[in-house]
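The whole structure should be built from the sequences, with the hints applied where relevant.
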Amino acid sequence: MEVKVERQIRTGLNGDEAVAYAAYHADVDVIAAYPITPQTIIVERLSEFVHDGLLDAEFIPVESEHSALSAVVGAAASGVRTFTATASQGLALMYEILYIASSLRLPIVMALADRALSALINIHCSHDDAYAARDSGWIEFFAENVQEAYDLVIAAFRVAEDKNISFPAIVNLDGFILSHSIEPLYIYEGQDVVREFLPRREPIVKLDPDKPVTIGALALQNYYIELKRAQAEAFEATPPYIRKILREYSEFSGRKYDFIKKYMIDDADIGFLVLGSTAGTMRHVVRKWREKGRKVGLISLTLYRPFPVDDLRDAVKGLKKLVIMDRSYSFGSPYAQLYMDVAATLYDEPEKPDLINVIYGLGGRDFNEYTAEEMWEKINRPGVKKIWVGVRGD
Amino acid sequence: MMVKSKYSHPIDDLLRLDRVPYTWCPGCGIGIILHHTLRAIKELESEGKINRDKILFVTGIGCTGRAAGLVKLDAAHVLHGRAIPFAVGAMLANPSLIPIVFSGDGDIAGIGGNHLLHAARRNMDILVIMVNNFTYALTGGQLAPTTPYKVYSTTTPYGNPEPPIDTAKALMALDVNYIARWSVTHLTKIKDSVKYALTKRGFRFIEVISVCPEIFGRHIGIRDPYQLYVTLRKIAKTRIKPSFGDIKYDWNSEITCGVFVDRDDPGYFDRLKEIGVTKK
Ligand SMILES: Cc1ncc(C[n+]2csc(CCOP(=O)(O)OP(=O)(O)O)c2C)c(N)n1
Ligand code: SF4
Chain A
1 MEVKVERQIR
11 TGLNGDEAVA
21 YAAYHADVDV
31 IAAYPITPQT
41 IIVERLSEFV
51 HDGLLDAEFI
61 PVESEHSALS
71 AVVGAAASGV
81 RTFTATASQG
91 LALMYEILYI
101 ASSLRLPIVM
111 ALADRALSAL
121 INIHCSHDDA
131 YAARDSGWIE
141 FFAENVQEAY
151 DLVIAAFRVA
161 EDKNISFPAI
171 VNLDGFILSH
181 SIEPLYIYEG
191 QDVVREFLPR
201 REPIVKLDPD
211 KPVTIGALAL
221 QNYYIELKRA
231 QAEAFEATPP
241 YIRKILREYS
251 EFSGRKYDFI
261 KKYMIDDADI
271 GFLVLGSTAG
281 TMRHVVRKWR
291 EKGRKVGLIS
301 LTLYRPFPVD
311 DLRDAVKGLK
321 KLVIMDRSYS
331 FGSPYAQLYM
341 DVAATLYDEP
351 EKPDLINVIY
361 GLGGRDFNEY
371 TAEEMWEKIN
381 RPGVKKIWVG
391 VRGD
Chain B
1001 MMVKSKYSHP
1011 IDDLLRLDRV
1021 PYTWCPGCGI
1031 GIILHHTLRA
1041 IKELESEGKI
1051 NRDKILFVTG
1061 IGCTGRAAGL
1071 VKLDAAHVLH
1081 GRAIPFAVGA
1091 MLANPSLIPI
1101 VFSGDGDIAG
1111 IGGNHLLHAA
1121 RRNMDILVIM
1131 VNNFTYALTG
1141 GQLAPTTPYK
1151 VYSTTTPYGN
1161 PEPPIDTAKA
1171 LMALDVNYIA
1181 RWSVTHLTKI
1191 KDSVKYALTK
1201 RGFRFIEVIS
1211 VCPEIFGRHI
1221 GIRDPYQLYV
1231 TLRKIAKTRI
1241 KPSFGDIKYD
1251 WNSEITCGVF
1261 VDRDDPGYFD
1271 RLKEIGVTKK
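Chains as they are written, first to last, in the working numbering: chain A, 1 to 394; chain B, 1001 to 1280.
Watch out, some of these pointers could steer you wrong.
[Said to hold, decoys possible] Derived DEER-like restraints, expressed as beta-carbon distance ranges:
1. A:E202 with B:D1250: 45 to 55 Å
2. A:I225 with B:E1162: 13 to 23 Å
3. A:P184 with B:P1026: 30 to 40 Å
Just so you know, these hints were derived from the structure itself, not from any lab.
Everything numeric in this text was worked out from a predicted model, so none of it was measured.
Virtual Cβ for every residue (Gly too), placed ideally from N, Cα, C.
Have a look at this one:
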């Protein structure tokens, strides 16, 4: 696919700045956020865009993440385009409002600079926060690099605000690895360009004094379950619309986006499944391993929620082994989070690969070629089901 | 790694010297405030009025919060904003503890503001020392609820449009036993105030205006720590028993310091005893 460079600028930005530019180019109306590493640069840049008069938006520097998402919920309910960003403890503090936003079908977009949850205090990348949101009814995307972080934020607004979708969306970018790494990327010349892909939000329902409505009211045994069923059905019906928008965005940008990305998987015996920036590392590793004659391939998910069930079933066909890499841990569950999604996805398939769960990179522990080699050695031991890599003293 | 020094300092035994050098920037006021807090403990101990083993030193997240990892006391470095409820919980389980909450202005008055309000309302038997450097320093200088009006922050690049909270003054609306404010230029006052407060019951609040040359100083154009101290010295005016109306929190004219409240009402545990809930 050819990048349509006419109205795009080649520049260098870190992941946070790229996200800030995306929200700016998406012409958001209300931003509320609270600083937290490694997300802080996003809101700092946005506050500059607003105060410099480049972005005609309200920026509210609230007193906590709980207030940030609450304020954005209020703003989104009044019909405008809204954005927030957070990480780790901030997402945890937003937890109760996550469910409010999705149940009220408010198309908020949030950037999540993935970071490990305390304790111990750690500011580096784990996917704990991304996974914490997985049941809450938010659409979740994962960026592999800074370009994707920029593109996915813009696409996420179209997805969230689409009349057939109308759910909030999170764009995950790995803390520090992407948030603080400067990479070359294309950004649009400005809001006018992006507006062609992303017109103004047209709310289905909004708070309007002339046509009063009540939102978020009480529903007990009488209605709650019907409403949740309706919400579930609406969420499950989103994939075709999300796909259509990603295709349109691919056309618009000249960069290809879909639910999953595959690399050398078609003739592979052993596949690796990853989220986020590790896809870049693993693509390099897979290429090297192919040179050594190892028949390996890679699948990475751009869309994590709703889980791309059909795409994944299709992608793993022919694999003997699928190694599912989790950058988090689900204490007390049989396996970590991504593994369990995949196991459920493949359970009914007549032929499926053996599954192995790899836990790696928690709290920013580097995952590199050497860790990959350790992983290779461990997954080839007989009978392994769940392993940790990159752990000292192992 | 333990850094062996040929010099010693009177509060060395209250510090984890293996953590030296600390992460605080040169010229930062937090170390000075911690130093005088620890001196107060040390003096009380030598007077036989306190047992350091009973102290629980709780901090939230922030540059100030790092203190929990530096003191040789029972210490907890808890979530951002939650130092007060942690201390209250520990205290409820073990009323013989002497909880000291030591944290930043964003932590105590911003994200943790609700806890501050309700611990104060209950006249909860804890000492809160709030180090106020006017900004969220650890995350790099964003707007805090204490940031002076019109001052630059990285989230208000054209100056803060919001009037700040005068935390000490706001707490005066509640019946707490002790409220004082000092600045990092009042060394003896900090020590004496902490010493005095530690011998009292009920809710005790000491705000210390700090200097953060690295961020706040840079934001207001006074990057030099010495100049920042000199400036603060002029702004921080000590008044004896100031009335509510006299107390100011204005970086451009005066930040009133002194003891604002000093009474001896029953603390939370006294009230529990009074209604017969606890025997302790
Ligand atoms: C829930 C949550 N949100 C945000 C943060 C990020 N954060 C860490 S410290 C801090 C502000 C610290 O400011 P302050 O409390 O004034 O302490 P200082 O660094 O100035 O001493 C913030 C916002 C966090 N740790 N947890
Ligand atoms: S940033 Fe400011 S408050 Fe933090 S250690 Fe440095 S001088 Fe002190």
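Verification of the supplied hints:
no.	hint	verdict
1	A:E202 with B:D1250: 45 to 55 Å	holds (47 Å)
2	A:I225 with B:E1162: 13 to 23 Å	violated (44 Å)
3	A:P184 with B:P1026: 30 to 40 Å	holds (37 Å)
Consistency with the previously given hints fails for number 2 only.
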